[in-house]
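Trainee: These protein sequences, in sequence, are chains U and Y.
Residues in the first sequence are numbered from 14 upward in steps of one, following the numbering used here.
Residues in the second sequence are numbered from 14 upward in steps of one, following the numbering used here.
These aren't lab readings, by the way, just hints derived from the structure by calculation.
One thing to keep in mind: the hints can contain errors.
The list cannot tell twin chains apart, which means a pair is met if one copy fits it or any two copies do.
Calculated pairs, DSS-like style, for lysine-lysine (alpha carbon to alpha carbon, straight line, at most 30 Å) [claimed, not checked]:
id, residue 1, residue 2
1, K259, K287
2, K100, K290
3, K142, K259
4, K142, K46
5, K142, K38
6, K290, K136
2 protein chains.
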Amino acid sequence: MINKLVKNIQKTGAPIVVGLDPMMKFIPEHITKKAFAEYGETLKGAAEAILEYNKAIVDAVYDLIPAVKPQIAMYEQFGIEGLIAYKKTVDYCKEKGLVVIGDIKRGDIGSTSEAYAVGHLGKVQVGSKSYYGFDEDFATVNPYLGSDGVKPFIDVCKEEKKGIFILVKTSNPSSGEFQDQKIDGKPLYEMVGEKVAQWGEEAMGDSYSYVGAVVGATYPEQGRILRKVMPKAFILVPGYGAQGGKGADLVHFFNEDGLGAIVNSSRGIIAAYKQEKYAQFGAEHFADASRAAVIDMREDIASALAAK
Amino acid sequence: MINKLVKNIQKTGAPIVVGLDPMMKFIPEHITKKAFAEYGETLKGAAEAILEYNKAIVDAVYDLIPAVKPQIAMYEQFGIEGLIAYKKTVDYCKEKGLVVIGDIKRGDIGSTSEAYAVGHLGKVQVGSKSYYGFDEDFATVNPYLGSDGVKPFIDVCKEEKKGIFILVKTSNPSSGEFQDQKIDGKPLYEMVGEKVAQWGEEAMGDSYSYVGAVVGATYPEQGRILRKVMPKAFILVPGYGAQGGKGADLVHFFNEDGLGAIVNSSRGIIAAYKQEKYAQFGAEHFADASRAAVIDMREDIASALAAK
Numbered sequence: 014m015i016n017k018l019v020k021n022i023q024k025t026g027a028p029i030v031v032g033l034d035p036m037m038k039f040i041p042e043h044i045t046k047k048a049f050a051e052y053g054e055t056l057k058g059a060a061e062a063i064l065e066y067n068k069a070i071v072d073a074v075y076d077l078i079p080a081v082k083p084q085i086a087m088y089e090q091f092g093i094e095g096l097i098a099y100k101k102t103v104d105y106c107k108e109k110g111l112v113v114i115g116d117i118k119r120g121d122i123g124s125t126s127e128a129y130a131v132g133h134l135g136k137v138q139v140g141s142k143s144y145y146g147f148d149e150d151f152a153t154v155n156p157y158l159g160s161d162g163v164k165p166f167i168d169v170c171k172e173e174k175k176g177i178f179i180l181v182k183t184s185n186p187s188s189g190e191f192q193d194q195k196i197d198g199k200p201l202y203e204m205v206g207e208k209v210a211q212w213g214e215e216a217m218g219d220s221y222s223y224v225g226a227v228v229g230a231t232y233p234e235q236g237r238i239l240r241k242v243m244p245k246a247f248i249l250v251p252g253y254g255a256q257g258g259k260g261a262d263l264v265h266f267f268n269e270d271g272l273g274a275i276v277n278s279s280r281g282i283i284a285a286y287k288q289e290k291y292a293q294f295g296a297e298h299f300a301d302a303s304r305a306a307v308i309d310m311r312e313d314i315a316s317a318l319a320a321k
Numbered sequence: 014m015i016n017k018l019v020k021n022i023q024k025t026g027a028p029i030v031v032g033l034d035p036m037m038k039f040i041p042e043h044i045t046k047k048a049f050a051e052y053g054e055t056l057k058g059a060a061e062a063i064l065e066y067n068k069a070i071v072d073a074v075y076d077l078i079p080a081v082k083p084q085i086a087m088y089e090q091f092g093i094e095g096l097i098a099y100k101k102t103v104d105y106c107k108e109k110g111l112v113v114i115g116d117i118k119r120g121d122i123g124s125t126s127e128a129y130a131v132g133h134l135g136k137v138q139v140g141s142k143s144y145y146g147f148d149e150d151f152a153t154v155n156p157y158l159g160s161d162g163v164k165p166f167i168d169v170c171k172e173e174k175k176g177i178f179i180l181v182k183t184s185n186p187s188s189g190e191f192q193d194q195k196i197d198g199k200p201l202y203e204m205v206g207e208k209v210a211q212w213g214e215e216a217m218g219d220s221y222s223y224v225g226a227v228v229g230a231t232y233p234e235q236g237r238i239l240r241k242v243m244p245k246a247f248i249l250v251p252g253y254g255a256q257g258g259k260g261a262d263l264v265h266f267f268n269e270d271g272l273g274a275i276v277n278s279s280r281g282i283i284a285a286y287k288q289e290k291y292a293q294f295g296a297e298h299f300a301d302a303s304r305a306a307v308i309d310m311r312e313d314i315a316s317a318l319a320a321k
């Protein structure tokens with residue numbers, strides 16, 4: 014799957030992942046109205062609105078981008094109905110040829126991580142049969158529990174030729190509280206980065222590992238260091254746009270081959286119609302606004318990389 | 014809810030939580046056979062078997078224990094059907110008067126943590142209405158992202174009078190890889206413990222905080238230190254039994270008031286009938302074996318505390 018991700022990026026010329034993190038306040042009224050008319054103001058009504066909103070955005074941008082990243086929390090908050098919409102979103106995006114990164118940030122002790130890995134990336138055994146649960150292509154993983162919480166994911170990745178992105182340095186303001194703490198003079202995120210590189214060695218694709226990392230666009234200097242610490246790890250870079258990261262901040266996350274990073278934007282794309290810049294599209298044409306925002310993001314990154 | 018947890022512990026005299034972490038290999042054949050006869054060897058068949066298995070165990074032990082801790086990964090691996098069984102398990106246990114600790118180990122950046130908090134502990138807004146998603150009483154939370162990933166959980170806890178247990182020192186063998194690393198001479202878990210104490214100050218119940226901690230029974234020495242670092246935090250202690258922790262290891266996790274800790278056992282209780290000690294019950298009476306194992310665990314902890 015890392016090979017497919019690289020191929021998709023080369024085909025589109027866009028190291029971009031669209032974060033499908035729907036919030037009710039982003040969804041245009043004509044969509045919620047229709048869903049509520051059919052299902053009422055219920056969890057099912059909300060889930061239906063989310064799914065229709067996602068599909069319209071995906072239809073408008075899928076030819077421009079290599080991948081999407083649905084954030085499962087935004088679905089999980091609506092309980093079972095929300096998770097059904099998550100699963101349908103995953104399936105819809107895969108049908109469109111997109112690589113799907115499940116932003117699930119799971120991680121637990123060994124036997125439990127195995128269950129998460131099986132449920133999201135692999136197949137679960139039921140009697141003599143086996144089934145995919147959520148079946149994303151990649152998943153994000155929290156490293157706080159150490160190797161035995163991560164290894165079960167890698168085992169499933171090797172079997173299924175899928176991948177993971179491990180949280181190394183997250184994009185949020187308080188990420189430094191623990192991640193920046195120095196151990197023998199070296200910050201924790203760097204130590205986690207070294208582990209990512211080591212874990213990744215045993216699961217290599219053609220040029221990059223099945224084991225990638227999450228490093229926030231909001232921390233470009235740390236990105237530069239981590240790029241060198243984990244040369245074969247693809248870096249998933251959140252925090253562009255709404256969280257404050259800019260194209261120029263991104264250049265150090267990429268390798269000399271122009272690859273090695275994929276930049277996420279969520280509300281900057283999916284709620285583009287709410288920005289002044291794209292207001293002319295109006296709520297009715299929100300998906301066209303998303304398409305325009307993807308094109309602008311592609312240009313921003315391309316010109317930053319050209320000026321590197 | 015922390016007050017209810019304390020009350021339940023005092024009523025039962027058992028600082029015990031039963032981990033409802035069903036694995037297919039634990040479930041007696043007569044249950045899986047029946048479920049597969051009705052639904053086939055499908056995800057729904059597996060989910061049905063899990064639910065029946067859980068209910069039988071809960072029926073057999075609910076009067077002896079204050080709380081249960083379903084591990085969501087064991088359900089999530091079966092996709093949507095598994096999560097429906099998780100939700101039904103939560104509801105069934107609450108009907109029996111048990112406190113339900115959702116072992117979900119979620120944690121993300123602020124707005125995303127808010128969605129998890131809302132989905133598991135709070136109510137989500139849909140138009141003019143609001144709904145509980147999973148509605149556990151407590152949830153476990155991963156601290157790797159720092160304060161802004163934890164605070165949204167605390168906000169919802171204050172609104173709903175619910176609680177969280179934050180991973181501090183986990184029970185697994187490789188937990189030390191990052192958690193034991195020394196920062197200015199002090200291990201990371203201690204630093205996280207100090208934060209737990211600080212976060213907990215703003216959300217106090219009668220004698221303990223809404224904000225608790227997870228510290229593994231497999232690390233009794235660290236438990237002794239963390240008990241002092243977080244005097245008002247209830248400690249959820251996994252790792253007893255199958256993972257190697259013993260009653261005598263547990264004494265330092267408790268405060269002088271005999272409270273402050275609740276010890277989890279999962280397979281040691283739910284799959285007790287597979288142990289030689291309880292083999293006489295047979296697979297048919299697996300739930301009676303679980304009841305006997307709860308009684309033995311209660312005695313083990315009580316005599317260890319008496320000898321303190």
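Trainee: All hints are to be evaluated individually against the structure, with a verdict given for each.
Mentor: Tested hints:
no., hint, verdict
1, K259 <-> K287, "within (19 Å within a copy, 58 Å between copies)"
2, K100 <-> K290, "neither (32 Å within a copy, 43 Å between copies)"
3, K142 <-> K259, "neither (48 Å within a copy, 38 Å between copies)"
4, K142 <-> K46, "between (42 Å within a copy, 14 Å between copies)"
5, K142 <-> K38, "between (42 Å within a copy, 14 Å between copies)"
6, K290 <-> K136, "neither (44 Å within a copy, 34 Å between copies)"
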